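**Student:** Each chain, letter by letter, is given below.
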Amino acid sequence: MSESKLLVRGAGKYVDDIKLPNMLYMAVARSPHARARLLSVKGGLNHSDLKAIVGGGGEGWAGPTNPAMAHPVFAMDTVNYVGQPVAAVFAEDRYEAEDKLDEVEAEYEKLKPIMTIDEALSGEPLHAGTKSNVIMQRWLGADFEDPSSAVVLEDEFSVARIVNNPLETRGLIADYDGSNLTVYISTQAVFGIKAGLTSTLKLDPSKVRVIQADTGGAFGSKSALYPEYIMAAYAAIKYKRPVKWIESRSEHLAASQPGRGVRGKMKIFADKDGKVTGWRGEVLVDAGAFGGSAGSMSPFFIGMQLTGPYGIEKAHVLATSVMTNKPPQGPYRGAGRPEAAFFRERMMDLLADELKMEADEVRLINTTTENFKSPLGLEIEASRPFFTKAVSDLKYREKSQSDKAGLGFFVLLSAIWGGESARIDVQDGKVNVWLGGNQHGQEHYVFVKKLLNEELGIPQDKVTLNHGDTGMLKDGVGSWGSRSAVVGGAAIIAAARKLKKQVENKEGNYTIENLLKSNYSSEVYENQNVQLNSFGAVLATVKIDKFGMVKVTECAGCYDVGRALNPKMIESQIIGGTIQGIGQVLYEEVVHDTEGKLLTKNLFDAGLPIAENMPKFTIQIVEHPSKMPHHARGLGEAPTIGVPVAVVRAIERVSGKRMRHTPVKPQELIV
Amino acid sequence: MKKVKTSFKVNGKYVELELEPRRLLVSVLREDLGLTGTHNACDTTNCGACTILVDGKAVKSCTMLGVQANGKEILTIEGLTKEGDLHPLQKAFIEKQGLQCGFCTPGMIMSSFWMLSQNRDFSDEEIKRMLSGNLCRCTGYNGIVESIKYAKDLMRKKGGE
Amino acid sequence: MYPRPFDYFSPKNLAEALELLQTLGAETKILAGGQSLIPALKLRTLSLKNVVDITGIKELSYIRKEENMLKIGSLTTTSTLEYDSEIASSLPILKETASQIADPLVRNLGTVGGNLCLGAPANDLPATMLALNASFAMASKQETRIIHSDSFFLDKFKTAIKPDEVLTEIQIPLKEGRVGGAYRKVRKGSGGFAIAGAAAHVSVADDNAVSECRIAMTAVGPKPMRVEKAEQAILGKTPEAVVLDNVAKLAVEASKPVTDVTAPEEYRRKVLGILVKDALEVSYKRAVMGGYEKS
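Keeping their order, the protein sequence lines are chains B, P and F. Take the first sequence: its position 65, counted from the start at 1, is 150 in my numbering, and no numbers get skipped. Take the second sequence: its position 13, counted from the start at 1, is 25 in my numbering, and no numbers get skipped. Take the third sequence: its position 19, counted from the start at 1, is 20 in my numbering, and no numbers get skipped.
Don't take every hint at face value.
Unchecked claim - Below, simulated EDC-like cross-link-like pairs (lysine to aspartate or glutamate); rule was C-alpha separation at most 16 Å, straight line:
hint, chain 1, residue 1, chain 2, residue 2
1, F, K176, F, E68
2, B, K750, F, D261
3, B, K98, P, E158
4, P, K17, F, D8
5, P, K15, F, D8
6, B, K636, P, E137
7, B, K701, P, E137
8, P, K69, F, E83
9, P, K161, P, E137
10, B, K98, P, E43
11, B, K90, P, E90
12, B, K701, P, E158
13, B, K653, P, E107
14, B, K682, F, D261
Derived by calculation from the structure, the hints in this document are not laboratory data. Source: prediction; values computed, not measured.
Just need the whole structure built from these sequences, with the hints factored in.
**Tutor:** So this is what it looks like as structure tokens:
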């Protein structure tokens, strides 16, 4: 990714800035119906050219449990969401490509769409060859006898779907020279894209190269393999010309893979001093029309985190994902972590109110004083020290009194499994680095330069972090799930230490001069098999005007980052994530009508926050070192986990109305 | 559909083109003139990533036809930089975390440039309101507001620009 | 994302424009600010044979105070309206309205004429023009006519302007004495079209009673409209709570809001009631205190 000094000049090279000779533009014809039989399709490339299902790759990829529920590249017998790709057309320029969509003729027989989780559970299966619309259903934890308790509380919650909406939509160029396929793509994971294209189109991996263009944000939307990517690659191979596809915003709003869209039912048992003695839960994910995307696995991932930073010894949760006639669910910053925190913290606040305790009191009594592994599988360190300090630093009691502040406490589970790879080349006194993950705004080059300086004494101006490129590393994972500094940093350190040994072997001892005077190359893949979690706490205050409109006046947070490798960027990430958290609570949703047609068709309706929505920020970075060689912990998703919890509680306290869902609408609050 | 002769100034240079009327100004800048700094990020005139200056006013180039540029003076992000220097706004955006992924940044900077060219004082609230046509998904806007204020200081110290 | 092909004309004066509008025939539209036309062309909800760009007609951009009339050329941008000092002193309600349209970048291109002629149910200027008793001058090759704003807004996206006409001037009578107006609107916190909007303009007599009143609303029906019943309910009275409540009630009764993705109809009614009261209160205050003070 180009560094900021280029981006401020408009000198970035995003996918659409790349022009290859003899290039074709692709436009995609899409289903206007949420559910229909596709009787015939003529024009462009369609299933008569390629019958394939979307292969694997990316964050949360699970693989469809049954090929009958897999996402086809080109729709075959049926269409199952408005916007589902049906055909692709090609032209010399993008305006003509859009004109050519008129030439695609498709005949449909409309069927009644399934638009809600309840309809999905009770209705007929969407896909022939499946028994129901359940993609997966699993229990987590272990059943337990209802403990004798002072309090038993039940409630139900929902978090609406949200479109990721990075400023740059999806896009790629696929280029085929008769033997080699090269793909330039806006992405979080060049290796995931390569694996997916290779497996879907049955290509020789040694002849496929995926290169990351400058990427204008992603938030989870650019790690998956999408039908459009496969179409472009297929067309490039067929026509032996580069094929460019740039998604329109309308397409992104309709047919990318939105996140959230989850329901939770919770039942908790507690004794009279607020200690939770048992937790039962149901997590239901609206996974959209096909199995295999992140939505298939997310209920399990959410269920696993329900106990959060608390030492709850008995828990039993049923995790279910169901198919509906909507686009498949994908990861959106947080990817299940915010939903788990929402369901849990809403219950903790309910418990506080029921027992007439302070919100921080009821949480404190459930914190842990040593490492704890929850029956649901989540491992945490002692949470009491962090929480006690955070409550005091955030001035919770004072703001609770004066402004009815809301408080949220959570744990961030970094997706470090799979680890990462790194390569360092030294040549002509310059150091070039490649990482398996692909930054898209997070300034990974800052921690790379810093760690290389610490490990090897290399001056920072001699180091370049290059764009993600499958041609330059044997393998890699990707940038998502609050993992990059943790796993990327670990891989950099491992590669650096390997380099150091190489120098010692050659020169007898390591000095920076000995390193830079010769040529070296070191590449490592560092896997990670442990859990690495970190705590965070957020406080929020709100005002509600006479129209029921909410203004978040203050958002204060304490975040344990282990070690702040890039303090300025950490702050920027927290602020950005905070605004997204506010967006989730106040503005953002995906709305379909009963026919499945998308109603939230522009960025206003999608609810993207604007500058005027900013609260006053207070950010406190906590550094409780992790066991990783660099001591850092994850951060990226933390604000999206804690902020909605605190803001919703503040709304609840100020309005006096129990809050159970996001977004909260002004019509619910107007007096 | 007849092509239309269109001539205008871009970043101080005079250009003459024959344009299909339906082509948007943002496409003309990016594809005909190779000025890819201006970005096209939505199709409903919401996001402002395409912001440029036309005759000194900040406008959304995705909601203008290329042929409408006839006789006008256009300034894009590429035109802010003199001979390798960075404009104070560009320096400020780097210094004060006004960007992460950079995709909204050229539009943000051009919008801010217009704001600062009005030579009046803005409160923080007014700055935020003036940015209502420019969306950012990464930074949460705080760094952008700080960058604009810092740029104003830098420019004041320099004796204004 | 991109428009279908069309032919483009850029007349240099009004006569040329009017000639084109007559000869080009159907599927021809005027391009002024383009901030509504171009988005429709891009989404392909509208396809045209011809676009007649009238922004080259510089004579249609002006703001003039003539005796008891404020005259605004139809190609004046809404941004110009927002910053003009004459408008700020003579008609602060107009500055207030313009400053709430869309966003500053859209306002740099969008024109007063365009905002009116589109006939959009949720646009801002129509309500304010109704409250200001405005009239619009329209020219065709054959004639010039003047239509009062009360007869201009006919239905959703339908106004009294004919396909071969150009709206040239907006005429707003300026009254003597204690007069004041206000425009209040609510939209989603992250931006978008109005949930509801209300414009009010009052004259206050020496005895402090309201002697004249015009109230108009937007986004709560197929077209922006005045509410005469509500206006009458405050004539001869001062704006006490019970009077304002009654006026608001009548306005809400006359409204026809729909439920859509922006807001449900019941909420729009509630919001409208509050906005009507606010607009009236502020109008009265401005009339009595004189000058423009932000409320």
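**Student:** Hint by hint, say whether it matches the structure.
**Tutor:** Each hint, compared with the structure:
1. Simply put, F/K176 and F/E68 have alpha-carbon atoms about 10 Å apart, close enough for the 16 Å limit, and the pair holds.
2. For the hint pairing B/K750 with F/D261, the CA-to-CA distance comes to about 14 Å; that is within 16 Å, so the pair holds.
3. Between B/K98 and P/E158 the CA atoms are separated by roughly 26 Å; this puts the pair beyond 16 Å, and the hint is violated.
4. For the suggested pair P/K17 and F/D8, the alpha carbons sit about 13 Å apart, so the restraint of at most 16 Å is met.
5. Annotation: proposed proximity of P/K15 to F/D8 holds, straight-line Cα distance about 8 Å (limit 16 Å).
6. Restraint check: the Cα-Cα separation between B/K636 and P/E137 comes to about 14 Å, which is no more than 16 Å; the hinted pair holds.
7. Proposed proximity of B/K701 and P/E137 is supported: the alpha carbons are some 12 Å apart, at most 16 Å.
8. Distance check on the hinted pair: P/K69 and F/E83 sit about 14 Å apart at the alpha-carbon level, within 16 Å; holds.
9. Between P/K161 and P/E137, the direct Cα distance comes to roughly 12 Å. Compliance with the 16 Å bound is thereby established for this hinted pair.
10. A hinted pair counts as satisfied when its Cα atoms are at most 16 Å apart, and B/K98 with P/E43 qualifies at roughly 14 Å.
11. Of the supplied pair hints, the one linking B/K90 and P/E90 holds, its CA atoms being roughly 13 Å apart against a limit of 16 Å.
12. A threshold of 16 Å between alpha carbons decides the hint, and for B/K701 with P/E158 the separation of about 13 Å falls inside it, so the pair holds.
13. Restraint check: the Cα-Cα separation between B/K653 and P/E107 comes to about 10 Å, which is no more than 16 Å; the hinted pair holds.
14. Distance hint between B/K682 and F/D261 is fulfilled; the C-alpha atoms sit about 13 Å from each other, no more than 16 Å.
Going down the numbered hints, you'll see the structure goes against just number 3.
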